[in-house]
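*Asks:* Let's have the full structure, built from the sequences with the hints guiding it.
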Amino acid sequence: MLKKMGTWVGLLFVLTALNANAATQTAVQAADATKAAEQPAGKRPASQIVQTVCAACHAADGNSVITLNPKLAGQHPEYLLKQLTNFKEGSRANAVMTGMASGLSAEEMQDLAQYFSQQNIKLGKTKANGYGSLGEKIYRGGIAATQVPACASCHGANGAGLPKQFPRLAAQHADYTYQQLKTFRTGERANAPMMTAIAVKLTDAEMQAVADYIQGLR
Numbered sequence: 050m051l052k053k054m055g056t057w058v059g060l061l062f063v064l065t066a067l068n069a070n071a072a073t074q075t076a077v078q079a080a081d082a083t084k085a086a087e088q089p090a091g092k093r094p095a096s097q098i099v100q101t102v103c104a105a106c107h108a109a110d111g112n113s114v115i116t117l118n119p120k121l122a123g124q125h126p127e128y129l130l131k132q133l134t135n136f137k138e139g140s141r142a143n144a145v146m147t148g149m150a151s152g153l154s155a156e157e158m159q160d161l162a163q164y165f166s167q168q169n170i171k172l173g174k175t176k177a178n179g180y181g182s183l184g185e186k187i188y189r190g191g192i193a194a195t196q197v198p199a200c201a202s203c204h205g206a207n208g209a210g211l212p213k214q215f216p217r218l219a220a221q222h223a224d225y226t227y228q229q230l231k232t233f234r235t236g237e238r239a240n241a242p243m244m245t246a247i248a249v250k251l252t253d254a255e256m257q258a259v260a261d262y263i264q265g266l267r
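Under my numbering, the letters of the sequence shown match residues 50 to 267, in that order.
The set of hints was computed from the structure by calculation and includes no laboratory data. We treat Cβ as the ideally placed atom computed from N, Cα and C, and that holds for glycine. Among the hints, a few may not be true.
[To be verified] Derived lysine-lysine pairs resembling PhoX-like cross-links, with alpha carbons at most 20 Å apart: (1) LYS213 <-> LYS131; (2) LYS186 <-> LYS176; (3) LYS231 <-> LYS213; (4) LYS174 <-> LYS186; (5) LYS186 <-> LYS250; (6) LYS137 <-> LYS92.
[What the hints assert, rightly or not] Restraint ranges, calculated between C-beta atoms of paired labels, are given here: (7) ALA144 <-> ALA177: 30 to 40 Å; (8) ALA177 <-> ASN143: 20 to 30 Å; (9) ASP253 <-> GLY91: 47 to 57 Å; (10) GLY190 <-> MET146: 19 to 29 Å.
*Replies:* Given below as structure tokens:
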């Protein structure tokens, strides 16, 4: 009888120990899971985001070969960050870019802006608006009759722009620049009131001429 009781006591001790150990492991696992959930997701490197999100439209080096998509290479990081932020917030309308930007954190957008600003832009060529053309006259002197200021007054004589204020224009695709001027004029793009005020005074032909001239700037 005593032998049987000893056996039962031994088994009870073993089971109690096993249950205690299992409970401890469960508690540790739960704590680890909670800790992991509370930690912020790891930030993706800019190069990874470029390959998975940006490259298809803008190329990995920011020199888009699709002329309706802008070249991002060499653009001021402040301007790029503002545009990404505007897309994410909805203050610049573009369904594709809003979708892309919605999944980016503020830090990732900053990293992307820095990444593309450090790439070398590939120079472009003007089609018909070189020296002495209508495009050059508008870019460098504006249009007095309609009170259109010279593009160079903000974007610089060579289209380099001004960090934190005005974007680089030199070598940008003419098709993209023309398209943006039109969206400023219609109000579809409304995140730069100064450009809207200028674009409403330009005809299609004037927009095309200055966009072509800008493509050849260097």
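*Asks:* Within 20 to 30 Å: is that where the Cβ-Cβ distance between ALA177 and ASN143 falls?
*Replies:* The hint (20 to 30 Å, Cβ to Cβ) holds, given that ALA177 and ASN143 are roughly 29 Å apart.
*Asks:* So if I understand the rule, the pair passes when the alpha-carbon distance is 20 Å or less; does LYS231 with LYS213 pass?
*Replies:* 24 Å, violated
*Asks:* Return holds or violated for the Cβ distance of ASP253 and GLY91 against the range 47 to 57 Å.
*Replies:* 48 Å, holds
*Asks:* Given the proposed pairing of LYS186 with LYS176, does the C-alpha separation stay at or below 20 Å?
*Replies:* 16 Å, holds
*Asks:* When you check the alpha-carbon spacing of LYS174 and LYS186, does it fall within 20 Å?
*Replies:* 17 Å, holds
*Asks:* Does LYS250 lie within 20 Å of LYS186 when you go C-alpha to C-alpha?
*Replies:* 15 Å, holds
*Asks:* Using the C-beta atoms of ALA144 and ALA177, is the stated range 30 to 40 Å upheld?
*Replies:* 33 Å, holds
*Asks:* CA of LYS213 to CA of LYS131, is that 20 Å or under?
*Replies:* 9 Å, holds
*Asks:* Do GLY190 and MET146 keep their Cβ atoms within the hinted range of 19 to 29 Å?
*Replies:* Check failed, 33 Å falls outside 19 to 29 Å.
*Asks:* Is LYS137 close enough to LYS92, meaning Cα to Cα at most 20 Å?
*Replies:* 18 Å, holds
Violated hints for the displayed structure, listed by number in ascending order: 3, 10.
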